[in-house]
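For reference, the chains in residue letters:
Protein chains: 2
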Amino acid sequence: MTFDLVANDPRTKARAGVVHTDHGPIETPIFMPVGTAGTVKAVQQRDLKDDIQAQIILGNTYHLYLRPGLEVLSKAGGLHQFNGWDRPILTDSGGYQVYSLSGTRKIKEEGVKFRSHIDGSQHLFSPEGVMDIQRTIGADIIMAFDECTPWPCEYSYAARSLDMTHRWLKRCIQRFDSTEGHYGYSQTLFPIVQGSTFKDLRVKSAEFIAEQGREGNAIGGLSVGEPAELMYEMTELVCDILPKDKPRYLMGVGTPANILENIALGVDMFDCVMPTRNARNGMLFTTQGIMNIANKKWADDFTPIDEELGGYVSTFYSRSYVRHLFHSKEMLGPQIASIHNLTFYLWLVKQAREQILAGTFREWKEKMVKQVMTRL
Amino acid sequence: MTFDLVANDPRTKARAGVVHTDHGPIETPIFMPVGTAGTVKAVQQRDLKDDIQAQIILGNTYHLYLRPGLEVLSKAGGLHQFNGWDRPILTDSGGYQVYSLSGTRKIKEEGVKFRSHIDGSQHLFSPEGVMDIQRTIGADIIMAFDECTPWPCEYSYAARSLDMTHRWLKRCIQRFDSTEGHYGYSQTLFPIVQGSTFKDLRVKSAEFIAEQGREGNAIGGLSVGEPAELMYEMTELVCDILPKDKPRYLMGVGTPANILENIALGVDMFDCVMPTRNARNGMLFTTQGIMNIANKKWADDFTPIDEELGGYVSTFYSRSYVRHLFHSKEMLGPQIASIHNLTFYLWLVKQAREQILAGTFREWKEKMVKQVMTRL
Chain Y
1 MTFDLVANDP RTKARAGVVH TDHGPIETPI FMPVGTAGTV KAVQQRDLKD
51 DIQAQIILGN TYHLYLRPGL EVLSKAGGLH QFNGWDRPIL TDSGGYQVYS
101 LSGTRKIKEE GVKFRSHIDG SQHLFSPEGV MDIQRTIGAD IIMAFDECTP
151 WPCEYSYAAR SLDMTHRWLK RCIQRFDSTE GHYGYSQTLF PIVQGSTFKD
201 LRVKSAEFIA EQGREGNAIG GLSVGEPAEL MYEMTELVCD ILPKDKPRYL
251 MGVGTPANIL ENIALGVDMF DCVMPTRNAR NGMLFTTQGI MNIANKKWAD
301 DFTPIDEELG GYVSTFYSRS YVRHLFHSKE MLGPQIASIH NLTFYLWLVK
351 QAREQILAGT FREWKEKMVK QVMTRL
Chain R
1 MTFDLVANDP RTKARAGVVH TDHGPIETPI FMPVGTAGTV KAVQQRDLKD
51 DIQAQIILGN TYHLYLRPGL EVLSKAGGLH QFNGWDRPIL TDSGGYQVYS
101 LSGTRKIKEE GVKFRSHIDG SQHLFSPEGV MDIQRTIGAD IIMAFDECTP
151 WPCEYSYAAR SLDMTHRWLK RCIQRFDSTE GHYGYSQTLF PIVQGSTFKD
201 LRVKSAEFIA EQGREGNAIG GLSVGEPAEL MYEMTELVCD ILPKDKPRYL
251 MGVGTPANIL ENIALGVDMF DCVMPTRNAR NGMLFTTQGI MNIANKKWAD
301 DFTPIDEELG GYVSTFYSRS YVRHLFHSKE MLGPQIASIH NLTFYLWLVK
351 QAREQILAGT FREWKEKMVK QVMTRL
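From first to last, the protein sequence lines stand for chains Y and R.
For the first sequence, the residue numbers in full-length UniProt numbering are 1 to 376.
For the second sequence, the residue numbers in full-length UniProt numbering are 1 to 376.
Please note that a few of the clues may not be correct.
For identical chains, the list gives no copy identity; a pair is met inside one copy or between any two copies.
What the hints assert, rightly or not - Quick list of in silico lysine-lysine cross-link-like pairs, DSBU-like style, CA-CA up to 35 Å:
#, residue 1, residue 2
1, 296, 113
2, 350, 41
3, 296, 13
4, 199, 75
5, 13, 329
What the hints contain is simulated information worked out from the structure, not anything from laboratory work.
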């Protein structure tokens, strides 16, 4: 994997670049739809490519490890072959799901023992094991195994956790660098900056991560309940330390405004379940603002969901029709909303990139942050 | 609406024809996907057209009357405008849903009083009212209001019900013929043959229906639990009486074998929820037979769902992947299965038509009935 830094915005820290992988290029800043269990929920692979124009999607190691399991994924020739997505894939380390989904789990130096949320079976995720699992899944970008601390978090816990995350990272790197991809294309390992919302821990972690000299770096443990301003403060602090010539990935972020603000601070890559999860609840992100499409006010609005956005679902289906689908609990409602929201998120980062290239990002960002967060 | 009878199979009673409507032609024999509440469940309109190649879809009067309701449909300019389907639409009369979904309903000469299964509100469906409702929905083909008797059914009940259905038909015709379409294109009314599984009642009804001289005729009250042989006996009896120069629509049928056997008896049009409902439960109809895709045996079968069928979902997604989606309760599973099954049903009737035109229908039908019903 390589990264070309194409442009720096003159008045913010925003950047435009291109990440090159064996499964093709990724133009940054980029939003990566989350394909939890090998599927971006409710979205056909073809629509993900042609309509949404996704350049890279995520897979969740925890979910894929449990189902379909490594044996099937290995026999398939990796996740790309299994789900038919031939552009880049990034997998998380599974840590976040272990902490959030698994009722009983024990974090020790060795790794994390947990029970499957599906059948209660017992498993161990260790730094080495998670590298091996991600080798088998076959993502282009794989993530280090870390502890994502909750928020708020005691300083002493965050400090101890960070040290362990750093020790785990060394083990991840050792395992990753001593193994090879299974499927003939190259994979790369991104380390993750942690440290909760404590400045000194974030600085310490960012410096440690930067020293590892990996091909890209991630920022984790944010957007877990802290105020947005605190998130931006941490992001800026960390981005200023992380190498400029490597892509920076802010994990699990966020609202359209969060994404624009973090782009302005130097973040290149984002992922979040918000566009798809909120879509399933009838919340549509549009170029003009946010709609609760189940609301009665849309019952006889026969205009398209979002004419300006373009794309099939956003211009073909009327607000009235989609409102009816949600009101009638028809599957097609969440399907349309998921494609629409992802199309919007990809449109948003593409627009941001064009504004950065044109040197007009700051003014545009200030206007858009207000516009896209307006409640319609 | 007009009907061109293009070919008669030399060795069965199968026919090939073309129904012409203001929303375009329908090549018969045809299968019509069921779009209950203005949506063929889980299927995008574009995929219905481009992948499934549906030529006409159904809407359910009962569901559409309750949600989104006539006010919205009227403001939208009819169902075609509302859901964006610009090819022909057929609506049922709502009777079947009133009998099956509404807990409390009273059938009287005037019509049927029922309570909404959604909010318990009270409504009356009368022959005249149902004509008006279907005028407002704006389907190209609308159905007479009838009583669909359950099976088994006492002879005396079936006989009395049939007489009422015939009286209702006269009222439907009177209302329909004294009103006009709301949206500038023409609509046509199909009467429905009833009579349970009693030969004399079916003959009486078919003769009565034939006498009305409508542009097309339907056969109702079959595929409600009776043995298939009894259904075929009734279909043949009725088809022999109904005019040859009008399309014949067998309502609510059926399995792939049912469809092929009934084509052989002279039926031109079919609808059924089976391909979509069974899809949502993981039952796939393929050119080679029937698969329960959730079965463990498909876990590491990386071949496409149905290479021979063709089409995006059937050739792009592997059995293993779709099995994983069902196993993981991912929405994409039912979505893929719904498109696949409908593609198969439309393929089946298209193949039947080609075999009729080639004069080879009978041999092909005998082979296919066995092949498509094989459990894989």
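Problem - Hint numbers not upheld by this structure, sorted from lowest to highest - result: 3, 4, 5
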